[in-house]
Structures are given as structure tokens and as C-alpha cells.
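Undergrad: These are the residues of each chain, in order.
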Amino acid sequence: MADTKSGRYASSSAAISPLVQGPENLECKNFQEYLRTRQTPETLEKFYHYPPICLAVFRELPEIARQFVIRILFIDQPVPQAVVSSWGAQKFAKEQAEATSCLSALNVWRVTAIPGGLAAWELSPTFKKSVRQALMGGGKPWPMTNTLDKDSKPRDIPFLDSYAMSRWRCVLHYMVGTGGRNGGSDAEAISPDAVRILLHANLMKRDERGGISITRQGFQFLLLDTRAQVWHFMLQYLETCEERGISLPECLSMLFQLSFATLGRDYSSEGMSNQMLTFLQHLREFGLVYQRKRKECRFYPTRLALNVTNKDAATATTAADEERMQERGYIVVETNYRVYAYTDSQLQVAVLGLFTELLYRFPNLVVGVLTRDAVRQALRGGITAEQIVSYLEQYAHPNMKLVESAIQSKSCLPPTVVDQIKLWEMERNRFTYTEGVVYNQFLSQNDFVTLRDYAQSINMLVWQNERTRTMVVQKNGHDDVKRYWKKYSK
Amino acid sequence: MDAADAATSTETEASIDLLVVVLDTNPSQHVVRQNPQNLTQILEAVIAFGNAHLMQKAQNKLAVLSCSHHATDFLYPLPGRQVELRQVDGQYEVFSLVEKTVKQQLGSILMNAPRLSSPCESLLAGSMSMALCYISRLQRNIGAGVKMHSRILVITGSNECASQYMTYMNVFFTAQKLNIVIDTCALDKTLSLLQQGCDITNGQFLKVTQLDGLLQYLLWVFLPSPQMRHKMVLPPPPKVDYRASCFCHRELIDIGYVCSVCLSVFCKYSPICTTCHTIFKMPGPLPIRPKKKKKPEKM
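Read top to bottom, the protein sequences are chains A and B.
Residue numbering for the first sequence follows our numbering, beginning at 126 and increasing consecutively.
Residue numbering for the second sequence follows our numbering, beginning at 108 and increasing consecutively.
A portion of the hints provided could be inaccurate.
[Stated by the list, open to error] Computed cross-link-like contacts, DSS-like style, restricted to lysine-lysine with a CA-CA straight-line distance of at most 27 Å:
#1 A:Lys265 - B:Lys254
#2 A:Lys254 - B:Lys254
#3 B:Lys254 - A:Lys526
#4 A:Lys275 - B:Lys296
#5 B:Lys210 - A:Lys219
#6 A:Lys265 - B:Lys346
#7 A:Lys154 - B:Lys210
#8 A:Lys216 - B:Lys346
#9 B:Lys254 - A:Lys275
#10 A:Lys216 - B:Lys210
#11 B:Lys346 - A:Lys254
#12 B:Lys314 - A:Lys420
Since the hints were made in silico from the structure, they are not lab data.
Because the structure is a prediction, the values reported are computed rather than measured.
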């Protein structure tokens, strides 16, 4: 009798190594994916009662889908599907199909029948109402827009930026553990709530000694740019908000309202429910809003809160709109793989240490070198080449951007270094993994050959060895082969 | 292939789309004279359209200019600090800012406009030049690595005036050089000059006969950004009348005289070019030249 074992099997006959990328890597979802995977049609419908959420959903749609929605927004009857599909050019039918399915998946529109038996599209009435309201007016004003008397000491944008960054850095510092060690001054502490979110998000974990330490995902998180970090963190926060008894749609609506707010302007928290006030306090802690005192009704959204879903919006502002919030770059990368980092921050050194071999440390300068071993170590830790490159790019020293390169590239890093890091990553991707079932311990060579030939004939054989009488069958072919074996052995 | 597609799509995401609407507010337009309410209706449609543009992407930008018989003014955005404004209803605050500013500005402009005794033509070409200036100023200010796609949408019910022919042509070719698309929505007459402009800059020209559906027309034809228009089915370009207007009487002509030095067009022969002051010889019978005799080569 053939013994079957199911399990993962590498087609190049190598044993399974722990480097198989499991679910433990950091998943970064954009808003659309979040809605698609986490939310049922009913919750989506609940979301669409809030115009800010609808506006955010609308902006997340593919561009063709946005055109479709806009065109049927002011039409009160359902529109036949054939008519809608005639709006897009034939050549882009695939893109159009994607847009259509995305709209259906997000429950923005649905199929209805119109007289005459034709299938038609109809926008979800709640969604339609909310978008119309956001666009044309009418309905209730959004909360937090109550009139305030003029702030006697209005806060300007540079102040808000530095405040936001210092708050956010607190969270990051806490993650690498430099916050606690430095004597725990007041500004460095973070609240138990924030810690709970970090734990929930798997960015940190409790170790054996009862302390809290950073996880692999945590390091990957540190490599993201600030905007992506904020978004990921907020998503994790939203997941825990039901447990705290805060309603998810309300939270999400508030978050987007902040994200659509105008920078440098004060808003009022008057008339908000207690839950929302707690939420506001949390946002205040992470630096998404600035509030002078806990009890004060006035708050300012900061740049961290603006356009949380859209990371491109930040880069695409005109210079007239004030300079960027980004921290000043401090990393210089040379073509000889040397990395010079002008920093004295533990956090930045720790992050850099993830993928470079540190050579020297000076009071304000760290010198390292990008070696194959160091980068491979990082890759083994689940960090991708893309993340390393984007981190180096994000914090590139301003002088790096001035260097005129003979090769026209968007990146300011030396192309050889970028390529090499990518090559080092590709080195590791020589295996393709196939889910399979092992058949072995055949009693006779004949049994083995018959079964192997059958498996081969239905194209389900992954690997076989006649000498050891072992064969591996794809998982979805297992039932077929088993049935054949039962029939054969009778 | 897929990777390349993804790259281009992220690139378009990271760019700024600027829409400059040039709205003809001349009271002597045919549609306005017919029924003054029409102007309000057009204005509402334009505001909704502008907001729909802003709604597409967070980084989209909008400017609205009004063009009249005597001046061109910015309706939105205003120089300096924006009007302090709180939401009064469910409308997104940026959108209500656009609506309030445009209406307020236009109101004050119309109130202060000099009285019209007889119908006057709108200074469309001048307004478009102003739009171009605005675009190029923004273009200069954007950060490195950011792309800006700009376009101008002209909405007018005025008649065409060939007197602005030169300005029009300068505007069109400047726009073409700067990769700015000019779209035109004609409310009354077919405008052959603007049609040429749209054709030159790859823009859309649309003549709307029914004012009732104006917003829907605008959303259909002019909302898709020029970069994605090839993905949508839009009205086919009409046959463009490429006649030039003559410099002497400002009329469109089929056949005329062209100055051999500066390429000015005239409908009648004149001995001196009015543009570059070149003196032409009277056209007489062609002189018969005696054939040159070849000189015997000296050895």
C-alpha cells in the first residue's frame, strides 16, 4: 500500500527551509484592498452613510470606474449594462472589466433589471446620496466643522509639522526600544493603548521575560515611509476599535474627514460623542492632530492625517504649497557600496544596521557598507529589496539629489547599488513551490510505474524517483490519483 | 508588459492635473440675452464640473477665469489667503470654497462692469493667454520629479471674432509647445477658430445645443483627463475649417495674398505689407528675361 503524506514540497527536490515566506511578513493594504477583504456588503452599506468615506472610496477607484460613477451619478434610473460598456474604448476592455468588477466588489453599484429584461447598473442609493451631498451640498454638515471664534494664538504649519513628526517618532523610538532606555522622559512615553495596537499588529511581541520586543514585521514597518506607516498603523487601530466599543464607521469617517481637512486650520470637537473624543485623544497621541489641552474644543489636523490613503498626493504638491514635511535626508550611498549616515539617532542606526554592515561610529556619523551577507540577512528576515532601496531613497542626503548622473534615472542612488541589491534578492528566488502529496513505500516496482504513468498522463506529477519508489503529485490531483490507485489495487 | 503598465499607471497617479476653465460671462452672448437665467445655469454646471474634477484625485487643481467684453478676472483661486469659510451643509469644504468664491467674485465683477451700449465681443483670446501665464507660473513652482498636466477648457456662447485671429494663433501654438490641451465647449455657434485650436492641441470640441444637459455633457466629454481619453469613447472630431482670417478686414478667406516676408494674409492686393512694411512690386505681366548667354570659358 502506498503511503501518502501531504505537505509542501519544493519542485527542485530541496527540503523545505524556513525561508519560505509565510504569513508572518508585513502586509500593507491600501484602502481598497482593506474594504474588499475585511468588509461585508452590509458594513460597506453602513460606511456609505458617511460622505467622507464615500469621497475616499471614490478616490480609490480605478480611473475608468471614477468616470463611470460620475456619469451615472446624476441619472436617476438604472443604466443598461450595454450602455455603460459602450462608454469605454474596445481596446481597453480588460481594464474596463476590472473597473466594473471593482465597483461591484465595493458595492458601489449593483445589477438590477429594467423593463425589457436588460441587465442594468444602479448606483447604491446610499453611496449616490452621500457623493452627491459631498459634491453639491445639502444635508447635515460634517461634525467638527462647528464655528469657532478665532484662535488667539493660531498654530502655523511648520509648528504642526514638527509636532506631528516628534509624536510619530515617539512611537517609532518606542518600537526600537530607545525610548525606554533613555531614562523615559515624558515625551518619549507612549500610552498602553498604543502598545496594545503595536502588539495587535504583530509589530511587537511579548518576550519570555515579560518585556516587549520588536518583531520582524516591526522592522519591516520601520522601513516604510512615514505615510505608509501611519496608514498601516491606523488600519490596525481600526481593527481593534470594535473591541473598545467605538463604532468602526464613525471612526473611519472621522479619519477621512481629517484627511480631507485643510492644513493649518482649526476645527472644533464640539458635539462629538465620548467615543469620538477618545478616538481624537488617540489621534492626538500619534500626532495626527494637535490639541493644546485635552479639554480644549479646538484642534488642528497635521500633515500625517492629510490624505492618509494616498501616498502620491504628498509628493505631488506644488512648491507654493509649502515645503515637504519629510525629515531631512541623512544617508549618502556611494558606488562602492559604502553608506555614510549623518545621524546620532538610535532608531536610524538600528534600522540601517538591518541591512548594512556597520564599520565605524562617530558622534554624528555612522559608516557602513552594503555587503551581500548583510543584505541577505535582511532578506532572510523578510525585508524586500524594494523596501531597502526605497528607505535609502527616502532618506537620501540632499546632496545626493544634486549629483548629476550620466544615467537618467528617477532614483538618486547609484544604479549599480540598486541593481545589486535587487540581484541579491533574485538570487534567493530560485525555487518555485508547489503544494503536493508524497506517495512512497510502494510494494512493487510495477505498482509504482503504473501509478506514476497515470499521474504523468493527467499532468499531475511533480517529481518521481524510480529507485526509491517515491513520487510527488500535485495537491489537486491527489484525489484522482488516489481513486485510480484504489481501483487498480482491487 | 504588466510591470510596464503598472509603472505608467503609478506615474499618472503621481502627477498633478490642472484644469483652467475660461468662462465667458459677456452679457451680450446670445444665450444670455435670450434668457438671463441661463448664465446662472451655466455657472452652476461649471462649478459642479470643476468640483467633479477636484474630486477625481486629491492632487487635482482647478482655476476658473471669467472672460468678459472688457476684462478677464480670476474667479478661483484668489490671490493671497482664501476666504475663511465653515461648512454649512454636507458639502466637502474644498468644494464649497470653490462654489462660494466663484459666485462671490462673479457677482462683484458683474456689478462693477461698465454699462454696455451695444453688443461687444468677448476677449476670449486674451483670457486664454492669461490662463497660459497662470499655468506656466504653476509649472515653474512644482517640485522636482513631479509632472503637471494642464488643460484649458473654454466655455462660451459668444460669436467668433476674427479680429483676435493673431492672438488666438499665438495662444494655440504656445499651448501646443507647452503640451497644454485646449478644450472648447461652444454653447451657441460653431467656432471655427477655437475648433482649429482644439485640433492643434489635441483637445475636444463640442457644441452643446441644449443647455439643460450641460453638466452631463461636460462630465462626459471634458472630465476625463487628456491622458486617459483614449480609453473612453468620445465624440469624433468634427471637420475643422482651417481658413485663415485676413489681416486687413478680419474676415475668413479661402484664397488670398500672402506677404512673402512675414506670411501675413490679405484678401486684397496692397503694395505695402501693413505688418512688416515690405514694398511689393506691382503685379504686371511677367517680364521676359533674355536668356543668358554662356560665356566662353577661358583656357
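Undergrad: So, for every hint listed, does it hold in this structure?
TA: Quick rundown of the hints versus the structure:
| no. | hint | in the structure |
| --- | --- | --- |
| 1 | A:Lys265 - B:Lys254 | 37 Å, violated |
| 2 | A:Lys254 - B:Lys254 | 34 Å, violated |
| 3 | B:Lys254 - A:Lys526 | 18 Å, holds |
| 4 | A:Lys275 - B:Lys296 | 50 Å, violated |
| 5 | B:Lys210 - A:Lys219 | 42 Å, violated |
| 6 | A:Lys265 - B:Lys346 | 49 Å, violated |
| 7 | A:Lys154 - B:Lys210 | 41 Å, violated |
| 8 | A:Lys216 - B:Lys346 | 24 Å, holds |
| 9 | B:Lys254 - A:Lys275 | 37 Å, violated |
| 10 | A:Lys216 - B:Lys210 | 41 Å, violated |
| 11 | B:Lys346 - A:Lys254 | 41 Å, violated |
| 12 | B:Lys314 - A:Lys420 | 58 Å, violated |
Violated hints, listed in ascending order, are 1, 2, 4, 5, 6, 7, 9, 10, 11 and 12; each of the other numbered hints is respected by the structure.
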